[in-house]
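Using the numbering used here, read the sequence shown as starting at 1 and increasing by one per residue.
Hints in this document: simulated from the structure, not taken from any laboratory. Glycine included, C-beta positions come from ideal geometry on N, C-alpha and C. Where hints are given, some of them may not hold.
Stated by the list, open to error - In silico lysine-lysine, DSBU-like type, Cα no more than 35 Å apart, as pairs:
no., residue 1, residue 2
1, K163, K73
2, K67, K77
3, K67, K163
4, K67, K139
To be verified - Pairwise CB distance ranges, derived in the manner of DEER restraints:
no., residue 1, residue 2, range
5, P57, N174, 21 to 29 Å
6, Y175, E29, 12 to 20 Å
7, S64, D30, 29 to 37 Å
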Amino acid sequence: MSNRVVCREASHAGSWYSASGSQLNAQLEDWLSKAQSTIRPARAIIAPHKDEFSIVPVLVGALSESKEQEYGKLLSKYLADPTNLFIISSDFCHWGQRFRYTYYDESQGEIYRSIEHLDKMGMGIIEQLDPMSFTNYLKKYRNTICGRHPIGVLLNAVAELRKSGLEMNFSFLNYAQSSECRNWQDSSVSYAAGALIVH
1 MSNRVVCREA SHAGSWYSAS GSQLNAQLED WLSKAQSTIR PARAIIAPHK DEFSIVPVLV
61 GALSESKEQE YGKLLSKYLA DPTNLFIISS DFCHWGQRFR YTYYDESQGE IYRSIEHLDK
121 MGMGIIEQLD PMSFTNYLKK YRNTICGRHP IGVLLNAVAE LRKSGLEMNF SFLNYAQSSE
181 CRNWQDSSVS YAAGALIVH
């Protein structure tokens, strides 16, 4: 295994989020500070992408449900260790023709409100810490949550730890969209940040 660090170029920097590394860092620090203000220290967080990492990442690609369960079980002992912090990097809905995803529930009003409703449905399921419900949500709505597999691994790790009686809860702290889509030519990416607390 190589010790070489590979950095990829931020292909979308400056398009719907700032190209400034210092501005992105300030946003992430703000979100992390909110996660630290919870009753207990956060054990895991879900946050939007940051293109520069000073940590050793565990990269999770496309996984089957059984692999999400397998890796969740494998990583659960590390999640149980209070000296570890898991950072799950994920945006939420990528909406628009350029993303080939245009789900729209007209009963929610404007397109951006439909996107928010869709995202908050998924966020509510994540807060329930139920990996099967999250999988079913993704199958039904096909929401383009780019970190769906790492989130699935985290939810399965939590499920494994709950078997031993460990109490946990997850809360989302912030939600935003890059733009408010109002017509079919618009596009946006949703962002959410949350924290897992172990009691």
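For each hint, the structure was consulted:
1. A distance of roughly 11 Å separates the Cα atoms of K163 and K73; the hinted pair therefore holds under the 35 Å criterion.
2. Our distance criterion of 35 Å between C-alpha atoms is met by K67 and K77, whose separation comes to about 17 Å.
3. A C-alpha spacing of about 19 Å is found between K67 and K163, which places the hinted pair at or below 35 Å, so the restraint holds.
4. Restraint check: the Cα-Cα separation between K67 and K139 comes to about 16 Å, which is no more than 35 Å; the hinted pair holds.
5. Range check, P57 to N174: Cβ separation about 22 Å, and the 21 to 29 Å hint holds.
6. A C-beta distance of roughly 18 Å is found between Y175 and E29, which places it inside the suggested range of 12 to 20 Å.
7. Checked against the hint of 29 to 37 Å, the pair S64 and D30 passes, with Cβ atoms roughly 36 Å apart.
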